[in-house]
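**Student:** Chain by chain, the residues run as shown.
2 protein chains.
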Amino acid sequence: MTQVDFLTWQISIQQRIESALDACLPPTTCHPTRLHQAMRYVTLEGGKRVRPLLCHAAGEIFSAPLVALDQMSCAVEIIHVYSLVHDDLPAMDNDVLRRGKPTCHVKYDEATALLVGDALQSLAFHVAAQPLASVPAETQVAMLGLLANAAGSRGMAGGQAIDLESTGKSLEIVELEFMHLQKTGQLIQAATLLGAHVGGANAQQVQNLVRFANRIGLLFQVVDDILDAEASTEVLGKTAGKDAASNKPTYLTLLGAKQAHALAAQLCEEAHNALLPFGDAAVRLHQLTDYIVARKS
Amino acid sequence: MTQVDFLTWQISIQQRIESALDACLPPTTCHPTRLHQAMRYVTLEGGKRVRPLLCHAAGEIFSAPLVALDQMSCAVEIIHVYSLVHDDLPAMDNDVLRRGKPTCHVKYDEATALLVGDALQSLAFHVAAQPLASVPAETQVAMLGLLANAAGSRGMAGGQAIDLESTGKSLEIVELEFMHLQKTGQLIQAATLLGAHVGGANAQQVQNLVRFANRIGLLFQVVDDILDAEASTEVLGKTAGKDAASNKPTYLTLLGAKQAHALAAQLCEEAHNALLPFGDAAVRLHQLTDYIVARKS
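Residue numbers (numbering that gives the first Met the number 0), protein chains in the order written: chain A, 0 to 296; chain B, 0 to 296.
Honestly, the hints are just simulated from the structure, not real lab data.
Any given hint might turn out to be false.
[Stated by the list, open to error] DSS-like cross-link-like pairs, simulated, lysine-lysine; straight-line CA separation at most 30 angstroms:
hint: 1; chain 1: B; residue 1: 295; chain 2: A; residue 2: 106
hint: 2; chain 1: A; residue 1: 241; chain 2: A; residue 2: 295
hint: 3; chain 1: A; residue 1: 241; chain 2: B; residue 2: 247
[Claimed, not checked] Facing chain A, a subset of chain B residues (Cβ under 8 angstroms, in silico):
hint: 4; residue: 34
hint: 5; residue: 91
hint: 6; residue: 121
hint: 7; residue: 132
hint: 8; residue: 140
hint: 9; residue: 147
hint: 10; residue: 255
Remember, predicted model here, so these are calculated numbers, not experimental data.
Glycine included, each C-beta is placed from N, C-alpha and C at the ideal position.
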């Protein structure tokens with residue numbers, strides 16, 4: 000499979016997800032209209048859709064039905080989008096730019112941004128709980144539990160709390176790793192495992208994918224830290240140089256640029272190795288790993 | 000059944016829920032400890048637990064297993080608690096007192112209160128997705144969808160958005176009713192229906208309970224409006240007289256005190272009537288309706 004082939008696949012999944020998200024979101028004619036407009040503003044036409052791509056790529060190992068993968072991909076992506084809206088609020092990171100557009104509380108107002116995040120989180124679980132013909136109901140209940148756990152205080156929200164507490168403090172590399180495994184890694188893992196569960200993966204296969212996702216979660220963050228320091232705001236579509244400005248510990252501040260790049264290369268290799276048991280069936284996850292390393296924004 | 004008997008039942012359910020909530024919440028020794036402390040601070044030792052009481056009372060019509068009712072009751076109550084934490088934030092109602100204690104952002108800080116609410120919402124779905132031996136998995140998936148819908152933009156969060164938009168405006172009584180059916184009514188209905196589903200209610204029985212819950216949701220709000228105007232902050236455990244101070248339309252401002260009391264009596268009667276098909280099995284829901292009318296806080 001060539002790189003061109005991967006780009007074609009990536010774009011086709013992104014298009015599927017865009018239209019699936021559009022179908023999930025209440026129409027702007029539905030009351031309360033302003034809230035529904037704002038929910039669409041933050042969710043549609045933006046984002047690399049990394050989590051949906053992981054979900055689809057993992058599901059394709061097991062020839063999972065695409066419509067079911069779309070559904071679970073949307074649930075994970077909506078959780079991710081809600082977290083961005085709340086992270087950008089003045090009480091949190093206080094950011095004004097996201098995906099090249101004014102953040103939700105800037106475009107609308109703080110109360111609306113709060114409710115947009117809250118309503119999106121509910122919507123994510125609503126989407127995940129819609130009938131899923133190809134998957135046993137017991138599996139679907141377990142998937143809902145997995146998603147909720149990844150989003151909550153022992154996952155993404157917990158990681159965000161640790162992140163806030165650590166601003167201005169010096170962290171050990173293991174503490175930084177723990178924070179990112181919660182803040183970013185858990186939802187990335189959930190995206191991957193949901194794809195696998197839709198495809199009926201067995202326990203051993205799930206275990207292999209946990210190892211893969213664990214590396215990918217950290218890799219994603221290391222690259223994020225590098226981009227925050229090395230890319231421009233224009234290319235990123237969000238404020239660059241924020242970590243240094245807010246005195247946040249990052250892989251770059253802890254390791255320096257050279258070692259951070261070396262760590263990214265090492266994590267990429269470990270992620271590739273975790274895919275070996277799946278052979279050629281994991282080609283999309285393999286390519287996606289390369290894409291995460293090479294991304295410019 | 001006597002009133003004394005009802006009080007005994009009420010206290011026993013409240014005690015079950017308190018210990019079930021305690022078991023749901025991550026321990027304070029679990030990292031991030033401050034977030035988990037704050038989640039416990041807002042959830043435990045407080046609240047009338049009206050939604051869990053409704054869930055149990057509805058479940059008892061169908062002799063539903065108590066442990067399963069505890070689980071779904073906790074899920075609904077945790078959604079309710081998260082909504083209070085976010086509603087009290089400065090960007091929303093900006094309140095300092097809740098259940099007789101400083102609100103979460105006052106006791107901790109705004110960022111923590113935001114994350115507490117977010118993490119509690121995830122926790123609610125995590126709890127609802129735990130194995131539920133007595134209920135078919137298909138039913139459990141449907142219950143998760145029902146809860147998510149009641150919490151989201153077409154339910155509680157949507158009602159809150161309408162509430163914010165309507166502050167300082169004059170509303171028609173039908174608009175006020177629509178707002179409250181979303182903001183309060185949907186979650187109250189979910190609590191009732193989840194209890195019924197745990198007990199295996201059929202479609203006709205569910206329909207009867209929808210009619211009941213619809214009346215109870217409005218009744219609850221009419222009594223809330225009356226108490227806000229007529230009770231003291233000390234008795235309420237939250238700031239009294241807030242509606243008038245913030246120029247919010249209420250049943251009292253729209254109808255006057257006398258007619259608001261008359262509406263409460265009428266809704267109470269309609270709720271009782273909706274229970275007639277269930278006969279004596281609905282005694283707890285009948286008594287709970289009286290309790291909602293008679294409550295002083």
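**Student:** Taking the hints in turn, state whether each one holds.
**Tutor:** Tested hints:
no. : hint             : verdict
1   : 295/B with 106/A : violated, 42 angstroms
2   : 241/A with 295/A : holds, 17 angstroms
3   : 241/A with 247/B : violated, 40 angstroms
4   : 34               : holds, 4 angstroms
5   : 91               : holds, 5 angstroms
6   : 121              : holds, 3 angstroms
7   : 132              : violated, 12 angstroms
8   : 140              : holds, 5 angstroms
9   : 147              : holds, 4 angstroms
10  : 255              : violated, 28 angstroms
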